[in-house]
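Sequence lines, in order, name chains A and B. Start counting at 1 in the first sequence, then tack on 220, and there's your number in the numbering used here. Start counting at 1 in the second sequence, then tack on 7, and there's your number in the numbering used here.
You may find that some hints are simply not true.
Rough simulated footprint, nothing fancy, chain A against chain B, three-plus residues with beta-carbon under 8 Å [unchecked claim]:
no., segment
1, 359 to 366
2, 375 to 383
3, 444 to 455
4, 491 to 498
Covered stretches of chain A (chain B as the covering partner; in silico rule of three or more C-beta atoms under 8 Å from a C-beta of chain B) [claimed, not checked]:
no., segment
5, 387 to 397
6, 433 to 443
Between beta-carbon pairs, the in silico distance windows are [to be verified]:
no., chain 1, residue 1, chain 2, residue 2, range
7, A, 260, B, 115, 52 to 60 Å
8, A, 529, B, 401, 53 to 61 Å
9, B, 447, A, 427, 42 to 50 Å
10, B, 370, A, 234, 36 to 44 Å
11, A, 358, B, 339, 40 to 48 Å
12, A, 460, B, 339, 35 to 43 Å
13, A, 460, B, 370, 45 to 53 Å
Worth flagging that the hints you see were computed from the coordinates, not collected in a lab. We put the CB at the ideal spot given by N, CA and C, even for glycine.
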Amino acid sequence: MARTAWIEMLFPPLVALLVALVAGDLLILAYGQNPAAVWHLLVDGTWGNFYGIGQVLYKATTLCFTGLSVAIALRAGLFNVGAEGQLAAGGFGAGLAGLLLPATMPWFFAFMLMFLAAALCGSAVAAVPGVLKARFGAHEVIATIMMNFMVLALLNYLVAAHLHTPETLHTQSIASGLVPRLSVLLPVFHGSAANWLIVLAILAALLVGVVLFASRFGFELRAVGLQVGAAENAGISVGSTWIRAMLLAGALAGLGGLNFVLGYKGFYEDGFAGGAGFLGIAVALVGRNHPLGVVISALCFATLSQGGLAIHALVPKQMVEVLQALVILAVAMAVPEVRTRLARSVRGKP
Amino acid sequence: MTTLAIQMTGIDKRFAAVQANRGASLEVAKGEIHALMGENGAGKSTLVKILAGLQPPDAGQFFVDGREVTGWTTPQALTAGVAMVHQHFMLVPTLTVAENVVLGREPTHGLRLDRQAAVQAVRDLCQSSGLQVDPNRLVADLSVGEAQRVEILKVLYRGAQVLLLDEPTAVLSPPEVAELWGVLRRLQQGGATIVLISHKLDEVMAISQRVTVMRQGQTVQVLDTAQTTAAELARAMVGRDVDLDVQRPENQAGKPLLRVTQLQVQGSRGQPALLGLDLTIHAGEILGIAGVEGNGQSELLDALAGLRPYQGSIKLADQELATLSLSQRTQAGLAHVPEDRHQRALILDYSVADNLILGKLAEFSRRGVLDQRAIAAHAAELIAEYDIRPTDPQVPVRGLSGGNQQKVVLARELSRSFKVLLAAQPTRGVDVGAIEFIHARLRQARAQGKGVLLVSSELREILTLSDRIAVLYRGRIVAMLPRAQASESVLGAYMTGAAQAVTHG
Ligand SMILES: Nc1ncnc2c1ncn2[C@@H]1O[C@H](COP(=O)(O)OP(=O)(O)OP(=O)(O)O)[C@@H](O)[C@H]1O
Ligand SMILES: [Mg+2]
Numbered sequence: 221m222a223r224t225a226w227i228e229m230l231f232p233p234l235v236a237l238l239v240a241l242v243a244g245d246l247l248i249l250a251y252g253q254n255p256a257a258v259w260h261l262l263v264d265g266t267w268g269n270f271y272g273i274g275q276v277l278y279k280a281t282t283l284c285f286t287g288l289s290v291a292i293a294l295r296a297g298l299f300n301v302g303a304e305g306q307l308a309a310g311g312f313g314a315g316l317a318g319l320l321l322p323a324t325m326p327w328f329f330a331f332m333l334m335f336l337a338a339a340l341c342g343s344a345v346a347a348v349p350g351v352l353k354a355r356f357g358a359h360e361v362i363a364t365i366m367m368n369f370m371v372l373a374l375l376n377y378l379v380a381a382h383l384h385t386p387e388t389l390h391t392q393s394i395a396s397g398l399v400p401r402l403s404v405l406l407p408v409f410h411g412s413a414a415n416w417l418i419v420l421a422i423l424a425a426l427l428v429g430v431v432l433f434a435s436r437f438g439f440e441l442r443a444v445g446l447q448v449g450a451a452e453n454a455g456i457s458v459g460s461t462w463i464r465a466m467l468l469a470g471a472l473a474g475l476g477g478l479n480f481v482l483g484y485k486g487f488y489e490d491g492f493a494g495g496a497g498f499l500g501i502a503v504a505l506v507g508r509n510h511p512l513g514v515v516i517s518a519l520c521f522a523t524l525s526q527g528g529l530a531i532h533a534l535v536p537k538q539m540v541e542v543l544q545a546l547v548i549l550a551v552a553m554a555v556p557e558v559r560t561r562l563a564r565s566v567r568g569k570p
Numbered sequence: 008m009t010t011l012a013i014q015m016t017g018i019d020k021r022f023a024a025v026q027a028n029r030g031a032s033l034e035v036a037k038g039e040i041h042a043l044m045g046e047n048g049a050g051k052s053t054l055v056k057i058l059a060g061l062q063p064p065d066a067g068q069f070f071v072d073g074r075e076v077t078g079w080t081t082p083q084a085l086t087a088g089v090a091m092v093h094q095h096f097m098l099v100p101t102l103t104v105a106e107n108v109v110l111g112r113e114p115t116h117g118l119r120l121d122r123q124a125a126v127q128a129v130r131d132l133c134q135s136s137g138l139q140v141d142p143n144r145l146v147a148d149l150s151v152g153e154a155q156r157v158e159i160l161k162v163l164y165r166g167a168q169v170l171l172l173d174e175p176t177a178v179l180s181p182p183e184v185a186e187l188w189g190v191l192r193r194l195q196q197g198g199a200t201i202v203l204i205s206h207k208l209d210e211v212m213a214i215s216q217r218v219t220v221m222r223q224g225q226t227v228q229v230l231d232t233a234q235t236t237a238a239e240l241a242r243a244m245v246g247r248d249v250d251l252d253v254q255r256p257e258n259q260a261g262k263p264l265l266r267v268t269q270l271q272v273q274g275s276r277g278q279p280a281l282l283g284l285d286l287t288i289h290a291g292e293i294l295g296i297a298g299v300e301g302n303g304q305s306e307l308l309d310a311l312a313g314l315r316p317y318q319g320s321i322k323l324a325d326q327e328l329a330t331l332s333l334s335q336r337t338q339a340g341l342a343h344v345p346e347d348r349h350q351r352a353l354i355l356d357y358s359v360a361d362n363l364i365l366g367k368l369a370e371f372s373r374r375g376v377l378d379q380r381a382i383a384a385h386a387a388e389l390i391a392e393y394d395i396r397p398t399d400p401q402v403p404v405r406g407l408s409g410g411n412q413q414k415v416v417l418a419r420e421l422s423r424s425f426k427v428l429l430a431a432q433p434t435r436g437v438d439v440g441a442i443e444f445i446h447a448r449l450r451q452a453r454a455q456g457k458g459v460l461l462v463s464s465e466l467r468e469i470l471t472l473s474d475r476i477a478v479l480y481r482g483r484i485v486a487m488l489p490r491a492q493a494s495e496s497v498l499g500a501y502m503t504g505a506a507q508a509v510t511h512g
């Protein structure tokens, strides 16, 4: 059994890689460039120097949080399309808390308070679809999408109308509790945004792994995701499991906001999420909803997105976005559940 | 019996660690009804699925009418005239019977479905096969037995000459079984060949001409039904004598454990399903519920288990259940073997070990963390006790044979500390050896002063186990009989509404 499980686990990412390579080659050829030269540039601009590595790690940190958020919700059978709004809310919560805290507050307390603010704001946004689903059976995809619109618009209004520093769309800088960059200890990373929150991302992945596979709550959560009827019959409260899963998913996505606010800029800026929440869906799918898979796939997507900047000289950086879309489609096809469903519909059986 | 309709030789099939078929063979004469028997996990379903092209074998050959079939896919098997009648019905509920039957091979009128031709084709098929279904009804409104008829019509419509049926009677009530036999005999007269998997000895004795017995993936014996007996078949399967008609010791029913008064429940389509039902289960008693499926059994079980709202009162040891959650009911002493194994009882992608602790998580976790060692020990113990195969506790339940899946559910529920057990079709799909064991377990529970509510479509099972028997007819208990006054014919009369309501004892 173990062997087939591993193959199932590794199959989607491998397909993703292959599709990315082949489709990438074709796209590059279509632009009249030499694929080898472009790939070389992409690798050079990401894993080829410490600045590139640092940028990849920075982007992977946010993606890891949003990927974990989507993954844990999917394990409970919920499709969390709302990580984008939860991420933005988390960043805003941290930024706002940072503004309110006295500048003299010791680093540790300031950080912990902003940490809690980010998690709580993310949870609050995710709680709404969770409760709607548990209480009224409202479909979580629609509810999370609506929450995205509402939250992003509300935050935009708050910052633009009340909280911005003049001439900008960001808040004032936070005085205490900021997270140092990696370059403070490791000067080779100089200039890159990579910061110590990457450690928090890895800890979060470990924690999600423990919760999912070693805890009673994780057992119940996966049971609900796999077979609602049987879980209910076993005395598991389906509604409360859904709500708790969404709270956890929201907290994870919300914590992703710290990476920009505390690790990079030191303030909240409107629109900082920039699609990292949506990309979390792809990260979770490629990572097969497994925490380890999510970490690896977050690194891959971060590499692609950083690589897009590096190859700009030869081909438009939008090529990378096309590539990402293709990868997501390929992975969706390679995921076993999707495959069997497709095969069935081809054979004409419901 | 000169030409062989089916000849399979040297079939091997392996699933990861399990060798499901090892050099299995099957020979079926043209126009014969051939039964395939064997213990749970012997490889019967696997062999038949290979024959229908649903799974490719690792090695082996198969011939239909003397011609070799290669390719091993469903279309190839179908071209050769071999088709499987599906057990987990694969019908589209929102389409009519006729539409379902022709689906995939529709008669067309230009680009549109020629509905009249479809209806006519189904009428003709019903006429020639003796199957009775209204072609214009929606599949969603059909009973299980009728849905099965539609599945049979479907394969007939595709021109199948060899029909494969995997435990077709497991979900049928006795009258439906009788009807199925009529249909199969008629098809046989029309020249069809039928392969039938069943665990029920009397059925096999009644309908088949020959029997192939499998054990551990191999074909061990082929018998002429006329030359054998049910006891000999049982011995061929499990390798020892099996006695299913054990004498029941007289019981002294104790105090009432579960009291149901004026229970009213609605069915899934909002229709009244139970119309004010009273019953009491005493300590040390097995109460059997007889009745044709669809007369309120499912609703009764659902209401007791907490899966459906009700009016009236259900008291377990003087505690009203209405406001209790499912887990509180379990704590109050209710155990439940649900009717629908796949939707309600098992998480197919969880391992055997994990399925065995469903509903017992509090026992197997400390401060919210699962105690893996205790879970493994618990699994090892139950796997040995209930003879669940394969014995690896980490295999997903999805990979278990039907009978072994059922054993997992029973092992979990019977190993709880319960006061009252709700047992719906407890031996559905399990082999004779396991039936004997499960019956012994139910009697043991009774001897320990527990109460058992037994719902079964097998009258034989109800008669051998129950102390009292209630007959459910159209949402009411029309008879409550002590075992001594019940027999198949008496129960049958009440079940069909032929006899009037009476209550003894
Ligand atoms: N898809 C599968 N994946 C893994 N193992 C399987 C699969 N299908 C069958 N097996 C294994 O193959 C063996 C034979 O299974 P099969 O379903 O053919 O048994 P069976 O004779 O039909 O039993 P039953 O009477 O319980 O239905 C079993 O041990 C089962 O665990
Ligand atoms: Mg089987």
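These are the hints, each one checked on the structure:
1. 359 to 366: holds (count 3)
2. 375 to 383: holds (count 4)
3. 444 to 455: Coverage by chain A is violated here, the residue count being 0 at a Cβ distance below 8 Å.
4. 491 to 498: violated (count 0)
5. 387 to 397: violated (count 0)
6. 433 to 443: holds (count 8)
7. A:260 - B:115: 52 to 60 Å: 57 Å, holds
8. A:529 - B:401: 53 to 61 Å: Taking Cβ atoms as reference, residue 529 of chain A and residue 401 of chain B lie about 46 Å apart, which means the hint is violated.
9. B:447 - A:427: 42 to 50 Å: 47 Å, holds
10. B:370 - A:234: 36 to 44 Å: 41 Å, holds
11. A:358 - B:339: 40 to 48 Å: Violated, at about 33 Å.
12. A:460 - B:339: 35 to 43 Å: 20 Å, violated
13. A:460 - B:370: 45 to 53 Å: 20 Å, violated
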